[in-house]
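Participant: Under the numbering used here, think of the first position of the sequence shown as 565, with each following residue one higher.
Hints listed in this document are in silico derivations from the structure and should not be mistaken for laboratory results.
Backbone N, C-alpha and C define an ideal beta-carbon position, used for all residues, glycine too.
There could be a bad hint or two in this list.
As the list claims (entries may be wrong) - In silico SDA-like links for lysine to any residue, alpha-carbon gap of 25 Å or less: (1) K603 x D632; (2) K603 x D621; (3) K658 x P681; (4) K658 x N755; (5) K658 x S643; (6) K602 x G656; (7) K603 x N620; (8) K602 x E618; (9) K603 x E653; (10) K658 x E618; (11) K603 x P681; (12) K603 x P693; (13) K603 x S740; (14) K658 x R724.
Unchecked claim - Now the in silico label distances, taken between C-beta atoms and shown as ranges: (15) S643 x S740: 34 to 44 Å; (16) I721 x G664: 31 to 41 Å; (17) C725 x E653: 33 to 43 Å.
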Amino acid sequence: MNRRLYLFALASLTLPAALAQSERLTQGPHRLEITLEKKEASGWRTVDPGLVFEHNDLVRFRVRANFDGYLYVMNQSTSGRYSLLFPSEEAGTKNRMEAGRDYLVPATQGWFRIAGPPGHEVVYWLASPLELPGEEGVKPYVPLPPPPEPGKIPPNITPRCDDTILRARGDCVDTSAGAKPVGSKDRLPENLAGVPRAASRDLLFVRRPQASVVASPAGLQGPVVFEFRLAHR
């Protein structure tokens with residue numbers, strides 16, 4: 565695949581209480597649910613957000629928001645190169661979301677193929693209640709960041725199976741993958757860092773066995789950026 569919000573601490577609560585509180589918080593004014601799907605012989609299967617994929621696996625995302633807005637998705641591959649996943653000519657150019665509807669990324673009945681060195685693809689998601697400036701949403705609003713210099717591939721995380729997680733079908737699950745906040749020490753790609761009014765705001769992340777929920781309890785006043793780490797070996 566040649567194509568990455570604040571985290572609330574619930575550790576002090578018992579597990580049932582933590583889950584109940586997280587569910588209440590994610591019912592806020594603006595929330596986005598992302599489901600990761602893998603193509604198999606029998607069709608598409610919903611998988612754990614931290615599933616570790618194999619080379620040449622085919623994947624796609626299913627997205628549902630409870631607000632009207634616009635979605636932009638960019639990937640930094642394990643080789644360090646950037647690609648605009650959505651909107652694009654290949655994945656679909658209509659990136660407006662309506663509340664309560666399911667959308668596929670890519671939106672063209674296609675898929676993304678896992679390729680490149682093992683590690684974590686960093687899929688950057690930018691959700692905005694307003695459309696960002698650009699050419700009809702077809703091209704990036706600013707040029708993609710340049711590729712890394714030859715021989716200088718950025719350091720990457722080696723996917724690891726968490727043996728404490730019950731895995732269906734023998735799946736390997738890496739708990740460090742999935743939807744994540746952009747860390748305080750992480751540097752955003754220059755095109756995302758330059759988006760007017762974009763921020764990492766006070767966002768809540770809830771990891772479910774087959775979905776990732778990102779919510780803004782106070783409602784969005786501008787674009788937000790977070791990442792989805794896609795593990796493969």
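Participant: Quick one: which hint numbers does this structure break? Sort them smallest to largest.
Facilitator: The structure breaks hints 1, 3, 5, 10, 12, 14 and 15; every other hint is satisfied.
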